[in-house]
Amino acid sequence: MRIAAGVDVGSTQTKAVIVGEDGGIRMLGYALVDTGANVQRAAENGFLAACRESGVEPEGVGYVVGTGYGRYKITFGNTQMTEISCHARGAHYLFPSTRTVIDMGGQDSKAISVGEHGEVLDFVMNDKCAAGTGRFLANAAEVLGIGLEEIGPLSLRARHPVKITTVCTVFVESDILSYLAQGKKPEDVLGGVHLAIARRTVSLARRVPIEPGITMTGGVSRNTGMVRALEEVLGAKMQVSQQAHFAGALGAGLFAIEKMGESFESGIWRASNATPRG
Amino acid sequence: MGETQASEYRGDIHRQQRDLMLRWYQRLEESAHGGPPAVSLMISGNCVELLEAFGAVPLYPEVNALQLAIRHQSLDPILAAEELGYAADNCAYVKADIGALVKGITPTGTELPVPKLVLCNFVGCNTYVKWFEHAAEFQNAPLAMLDVPFLRTAEPRAEDVAYIVCQLKEIVKQLEELTGRRFDYDRFREAVRCSARVEEAWSRIKHLARRTPTPFDAYFDAITLMGPLYVYRGSPEGVEFFELALRELQEKAERGEGIYDQERFRVVMEGPPPYPFFRTFRDMFAAWKATAVASTYSTVGGLWEFGFRHDPDHPFESLAMHMLAHNVTNRNYLQRYDQIRRYVEEWDADAVVIHFVKSCRLFSAGQGDMRGYFTQQLGVPTLYVESDLEDPRYFSEAQIRNRMDAFFEALEHARSTGTLHRGVAAIRHAPGGEIAPAASDRLKILQ
Amino acid sequence: MPHRAAEAERSQAPTALVAGVDVGSSHTKSVLVGWFGEPGVAAGLLSPEEFAARVCILGRGTVRTGVEMEKAAHTALDEACRAAGLGRRAIHYVAATGLGRYSIGFRDIQITEITSDARGAFFVFPHAAAVMDIGSQSTRAIGLGDAGRVRQFKTNDKCAAGSGSFIVRAARYLQVDLESVGDLALEANHPHPISSICAVLAESEIINHVSAGVSVPNILAGIYDSLADRSALLLKRVGQAGELVFIGGVARQQGAVRALERRLKIPVRVPEFCEHVGALGAALLGLKRVLANARFAA
Amino acid sequence: MPAATESLVERCREIVEDLSLGEVRRWKEAHPGARAIGYFPVYAPVELIHAAGMLPVGLNGAGDRLDLQYADARFGSFICSIVKTTLEMGLTGLLDPLDGMLFSGICDSARNLAFVFERNLPGKYVDFLHLPQNPSSAASTEFLKGEYRRMGDALEKLGGRKLDDDALRASIAVYNENRKLLRDLYGLRAASPHQVRTSDIYLLQRAGNFLPVETHNELLREGLGSLADGEAKPRDSVRIVIEGAFCEQPPLDLIRLIEDAGCYVLDDDFLLGRRWFTGDVPAYGDPLESLASCYLNHSVYSSVRHDFRNRRHKLLVEKTQRLGAQAVLFLIAKFCEPAYFDYVLFKRELEAAAIPHLLLEFEEKAFTFDRLRTEVETFVESLLFD
Ligand SMILES: Nc1ncnc2c1ncn2[C@@H]1O[C@H](COP(=O)(O)OP(=O)(O)O)[C@@H](O)[C@H]1O
Ligand SMILES: Nc1ncnc2c1ncn2[C@@H]1O[C@H](COP(=O)(O)OP(=O)(O)O)[C@@H](O)[C@H]1O
Ligand code: SF4
Ligand code: SF4
Ligand code: SF4
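Chains as they are written, first to last, in this note's numbering: chain A, 1 to 278; chain B, 279 to 725; chain C, 726 to 1023; chain D, 1024 to 1409.
Source of the hints: derived by calculation from the structure; they are not laboratory data. Treat the hints loosely; a few may be bogus.
Here are the computed lysine to any residue pairs in the SDA-like style, where the Cα-Cα straight-line distance is at most 25 angstroms [as the list claims (entries may be wrong)]:
id, chain 1, residue 1, chain 2, residue 2
1, A, Lys163, C, Lys990
2, C, Lys879, D, Ser1100
3, C, Lys796, A, Ala141
4, D, Lys1370, B, Asn418
5, A, Lys73, C, Lys796
6, A, Lys237, A, Gly55
7, C, Lys879, B, Leu353
8, C, Lys961, B, Glu415
9, C, Lys990, B, Leu357
10, C, Lys961, D, Arg1396
11, D, Lys1168, B, Val443
12, A, Lys73, C, Asn933
13, A, Lys259, B, Thr697
14, D, Lys1342, B, Leu357
15, C, Lys961, D, Arg1371
16, C, Lys961, B, Arg671
17, A, Lys163, D, Gln1092
18, C, Lys879, D, Glu1372
19, D, Lys1051, D, Gly1076
20, A, Lys163, C, Cys884
21, B, Lys447, D, Arg1371
22, A, Lys184, C, Lys796
23, C, Lys879, D, Ala1376
24, D, Lys1370, B, Glu361
25, C, Lys796, D, Arg1396
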């Protein structure tokens, strides 16, 4: 079996996926670690954890493609690709019917129009502002003192979502506080926050043709409230996989298998290459 | 991603171009010390031929702003202008120019004259009018308007031409009074004749880019030629320069030389470049061996590759026609779509790159729609990146590079699967993309 | 902050006691000022010096604002009263300022934080020509006219770039105590610039710097430089020329003060209790009202 | 406020806030086969549309009542809201009652909008007027007449009805009446700003965007009658002139906020297109000549009309002094470049004349105004507190 890996070094979290090919391509295992301050270290840790998960020796991995915003920092990778190409490819693997990808991560959101073979036809990304990204949600969770995992489900209970206008991730804090001061329920505030971001994201996404077969990827896809809000604004269902958070890394892994070609040369990972600890 | 390869071509014309532009700044300095009169003019659809007839030097604030940016000197004057009350969202070209005026900064360090007349040739850009109004105010110079009707019909109307010709003649009178010189009609016709020759050469140069590989980059290299085009178009120096440029590039084309050892992608560029990061931006294309085969920005001063020339037999009327219909700024937005479409087809391009420039609403207001037209209606791959042409604060290198890489990755992938088309084939002619929201959406909102 | 009323007078009870409460987005601050002049005197007839000589700051308080603004205001005021050794009932008049000024039900008047800042800064530094206030989300530059009047002002809107919460985030990320970020920045030998304008996105740039081995002081100094750049821009817009007073919570951070001085090339004055200047200004304006109405005489 | 005024104002508010153009649809139902033409706000020769038997409909954006979903993708960042809301209304079918749209070259964004509109809403009549910007040329009047004639021809083709001079003169007269009533309304407020609320006359005025001018005239007369007998006491306030909101309109709540914060508005440039001429347009002689010559020589100054003979910054100072206002409040739509530019020269001139001013930026879609409130209040405090 040929074994390759994709490592997606995101601004918030680093995702690694090990894929293997013999006949068909399979995802052998995956891992998630916080990116933190040391990007290189995070990439390595993610990669090693994914190897452990898959029961694969790091030395047995033949090719590694890095993606995500920290991709140039991966010392042991063979090559890099942008997260746009990778998310498209990953989403297409998870759902072959994918024609549109909406990816929401920690710092950016993007929409990708995808062709039949998972190729990128067109894409858009948000601008240089954390407004309306996963970070915005994480911040809202923090202000409300609610865990990141809980805000989505809680927002679904909103009866009268408040109207949030501030797009600034920092200013939204005081908006939230003033709504709470007015006696609004946390779920209504969260409902408003989710709706505001969904509107923003959809209006961005409409710059590419949104065709049926919409797949959501990225960390925010784990937030059920956001998924629902997006569906509501889009007026369409989305496909969300359990592995959606790993779509970028998975895509990178698929590219890695492809790039490996026939000349399979094992041992790209050597312990001696690793960043010194401590 | 490939190795970054030096993409810039350096020939005789580059040296000549530099000399010509330095000479221009010298002439302006002479003008400041009692030499020939200077008249401020806007680049778009300019009437530099009129100035030739007075022996006057054109003073182009845009060229100054551009020079400041490319020399990384634009931020200070921009900040100085913001102190005067200009908004963060005003066109930074204007801010750089006015700020430099107020602070006494000039791009080359040479002195600039106070113009005898600030002649606002209002050709398309509304910001021009404000710019010139302010420039006159801050320099205490006389101000005149040359109002050019916007091209709102398929063809210019006789009324439009008559209106412009009348104004041109009024300006001639005004210039006679202000400069104390007589309008030399013969010299005017001679200038128009020179222009026609320059235009012929320039147009042929542009057509060289239809070859594969293209001998020059019709965006980045074209900009080198644009300075002389505006300043010297109506003069023998201009003719000499452009005919030399044509020869030089023709020879290069005949040798089959391109910009890179191998030309991988041919794109059409829309929007002005980010001058403060000109190099960096160019290198991002070079990294993928992508070249611009045509650009709308290089038709700001005039659009000649589709056949229009000034006419010495009808000098005033041809000036009017040029201002009205044969430069990109005075043509309507849909005509610009069409221009780009023709470039894709006739210049054999793979894709379109739109550089959204925050400063310039003339170019950028609606570029999202333009993008939709190309990707969705015509099926041409189109990249959209944002920054600014003058203000260095709006250039985010990592972000632009990321988008550029993703775009070319996709093109490469498409090529490997045989789905990347070039030229006429690139345009699927498959309308049916999402032009307006679906009927169901309409209903939802109306309820 | 100077206590100008003579010691002898201080031992007496003030003839008027006015509170200023500044409900900011992160902290609520209160200041109690006492009037030690004659009750009936019209403040308008006194010169600023004469007025100041009869005023004394008796106590201050600070609490986190949190969700319930009115409660925060009460707590902050109680704290100031305790510091002054006076009961709440002795207060004649309450002037509210800051973002939450309208939520204080027990206020007698509300004044905007800009007017308050200007008056407070002028009281502390009578030669001040401009005020820079950097709070947790807001950044404002105020050009002063005569007698501490607001001549012109500019605030950041829509974007929190360059405000105090930017620093709080950075400190958290760098795992530095908020109290010590300011001093730590002073150890920088090579400030590393931050290019992202976004308070949130700058985090990843900070991470980049950390992983590139840039020292924490150098990163902090870079952040302060970018903050100073933004402040300088606002100040230019109000036509700052002459003495500058720097207030708000961020003024407590030496690194910010030094960066601003470096950028503007002028000395920057920071009052001892920089985050209370707004509350002080509100109290002083309230006091003027009281004197004008001679309300407390009864 | 007298009950009569209150209900009148309320009626106007309903008309203005009805995004589905209910008034227009009702008018069309009552006039089968008749056309309605929308126009982008600053200036449009409504007399021509009226004389062609059509209903001119003024579009001033959609405020916060419409979520942008499609238009943002076409215009993106750094473009003012009104351009996007107008397009959004078109794309979502809200403008379906209109048979055509009229634009002019007031700014680069609005101009490009005209053509984006044309592409995205095929089948609608879309016209773009070039209003001459050089009134001192000998050829300007003739050019503008030609432009009006071109537009008139297009309207004739669209409506199938001849546009004759008598009809045009009649239209001029009825619009003269409309503008005169508006001038009276403004005069009433300038004389007693404590009795006439700016937000009220704003609504009264804006309702005219959707009503036949004859109906609007009646409404205005009614308003003038009931407003005149308000009986509020003057408060401690600052007398101001508002400048800069000639195109995109500030939210109604913002206008109220400004008054509540202690400002008496003596003059404003809201909805400027409704009060474009300084006096009556001659309703005799060659009507196109009258309209053209009045546009060139007797129209109000604005940031989107250029007349180098009479410079705006001088005119603003003159107006402020004439009305006895203490200060100028600039209310500028975010990303409105013409207004931003003018502010620089306005500011210089006001400072030279020692007139205080404040600059506020707004977006029509905003609905919380904490920051703006702080700024206005500070401004008032700086002028009122000793
Ligand atoms: N369990 C979870 N529930 C809800 N949201 C989550 C969860 N895990 C991560 N997220 C969201 O995903 C974001 C990170 O997404 P990711 O795609 O990893 O971004 P990046 O690639 O930029 O690091 C976080 O900011 C957070 O909002
Ligand atoms: N102990 C401290 N040491 C240094 N800086 C502090 C400290 N406490 C708060 N700050 C800074 O002051 C800011 C809050 O300032 P403040 O003027 O109280 O804001 P606001 O009025 O908006 O609540 C914080 O964001 C932080 O940057
Ligand atoms: S808006 Fe565009 S065309 Fe107009 S002056 Fe600015 S850069 Fe030039
Ligand atoms: S601070 Fe807020 S508004 Fe500013 S860039 Fe960041 S998220 Fe956007
Ligand atoms: S608000 Fe200003 S920028 Fe927007 S369309 Fe109107 S004039 Fe143009």
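Going down the list of hints, with the structure as the test:
The straight-line distance between the Cα atoms of lysine 163 (chain A) and lysine 990 (chain C) is roughly 44 angstroms, outside the 25 angstroms bound, and the hint therefore fails. Proposed proximity of lysine 879 (chain C) and serine 1100 (chain D) is supported: the alpha carbons are some 23 angstroms apart, at most 25 angstroms. Of the supplied pair hints, the one linking lysine 796 (chain C) and alanine 141 (chain A) holds, its CA atoms being roughly 23 angstroms apart against a limit of 25 angstroms. The suggested pairing of lysine 1370 (chain D) with asparagine 418 (chain B) holds, with an alpha-carbon distance near 17 angstroms, which does not exceed 25 angstroms.
Under the criterion of a C-alpha separation no larger than 25 angstroms, the hint pairing lysine 73 (chain A) with lysine 796 (chain C) is inconsistent with the structure, at around 49 angstroms. Distance check on the hinted pair: lysine 237 (chain A) and glycine 55 (chain A) sit about 36 angstroms apart at the alpha-carbon level, beyond 25 angstroms; violated. A C-alpha spacing of about 21 angstroms is found between lysine 879 (chain C) and leucine 353 (chain B), which places the hinted pair at or below 25 angstroms, so the restraint holds. For the given pair, lysine 961 (chain C) sits about 22 angstroms from glutamate 415 (chain B) by alpha-carbon distance, which is consistent with the 25 angstroms threshold.
About 17 angstroms separates the Cα atoms of lysine 990 (chain C) and leucine 357 (chain B), which keeps this hinted pair within 25 angstroms; it holds. Between lysine 961 (chain C) and arginine 1396 (chain D), the direct Cα distance comes to roughly 23 angstroms. Compliance with the 25 angstroms bound is thereby established for this hinted pair. The suggested pairing of lysine 1168 (chain D) with valine 443 (chain B) holds, with an alpha-carbon distance near 17 angstroms, which does not exceed 25 angstroms. For the proposed pair lysine 73 (chain A) and asparagine 933 (chain C), the alpha carbon gap of about 10 angstroms is at most 25 angstroms, so the pair holds.
Between lysine 259 (chain A) and threonine 697 (chain B) the alpha-carbon distance is near 20 angstroms, which keeps this suggested pair within the 25 angstroms criterion. The straight-line distance between the Cα atoms of lysine 1342 (chain D) and leucine 357 (chain B) is roughly 31 angstroms, outside the 25 angstroms bound, and the hint therefore fails. As the CA atoms of lysine 961 (chain C) and arginine 1371 (chain D) are separated by approximately 15 angstroms, the hinted pair is consistent with the 25 angstroms bound. Restraint check: the Cα-Cα separation between lysine 961 (chain C) and arginine 671 (chain B) comes to about 18 angstroms, which is no more than 25 angstroms; the hinted pair holds.
Using a Cα cut-off of 25 angstroms, the hinted pair lysine 163 (chain A) and glutamine 1092 (chain D) holds, with the two alpha carbons roughly 16 angstroms apart. For the proposed pair lysine 879 (chain C) and glutamate 1372 (chain D), the alpha carbon gap of about 20 angstroms is at most 25 angstroms, so the pair holds. Under the criterion of a C-alpha separation no larger than 25 angstroms, the hint pairing lysine 1051 (chain D) with glycine 1076 (chain D) is consistent with the structure, at around 11 angstroms. Between lysine 163 (chain A) and cysteine 884 (chain C) the CA atoms are separated by roughly 19 angstroms; this keeps the pair inside 25 angstroms, and the hint holds.
At roughly 34 angstroms between alpha-carbon atoms, lysine 447 (chain B) and arginine 1371 (chain D) are farther apart than 25 angstroms, so this suggested pair is violated. About 17 angstroms separates the Cα atoms of lysine 184 (chain A) and lysine 796 (chain C), which keeps this hinted pair within 25 angstroms; it holds. At roughly 22 angstroms between alpha-carbon atoms, lysine 879 (chain C) and alanine 1376 (chain D) fall within 25 angstroms of each other, so this suggested pair holds. At roughly 11 angstroms between alpha-carbon atoms, lysine 1370 (chain D) and glutamate 361 (chain B) fall within 25 angstroms of each other, so this suggested pair holds.
Only pairs whose Cα atoms come within 25 angstroms are accepted, and lysine 796 (chain C) paired with arginine 1396 (chain D) is accepted, the gap being roughly 23 angstroms.
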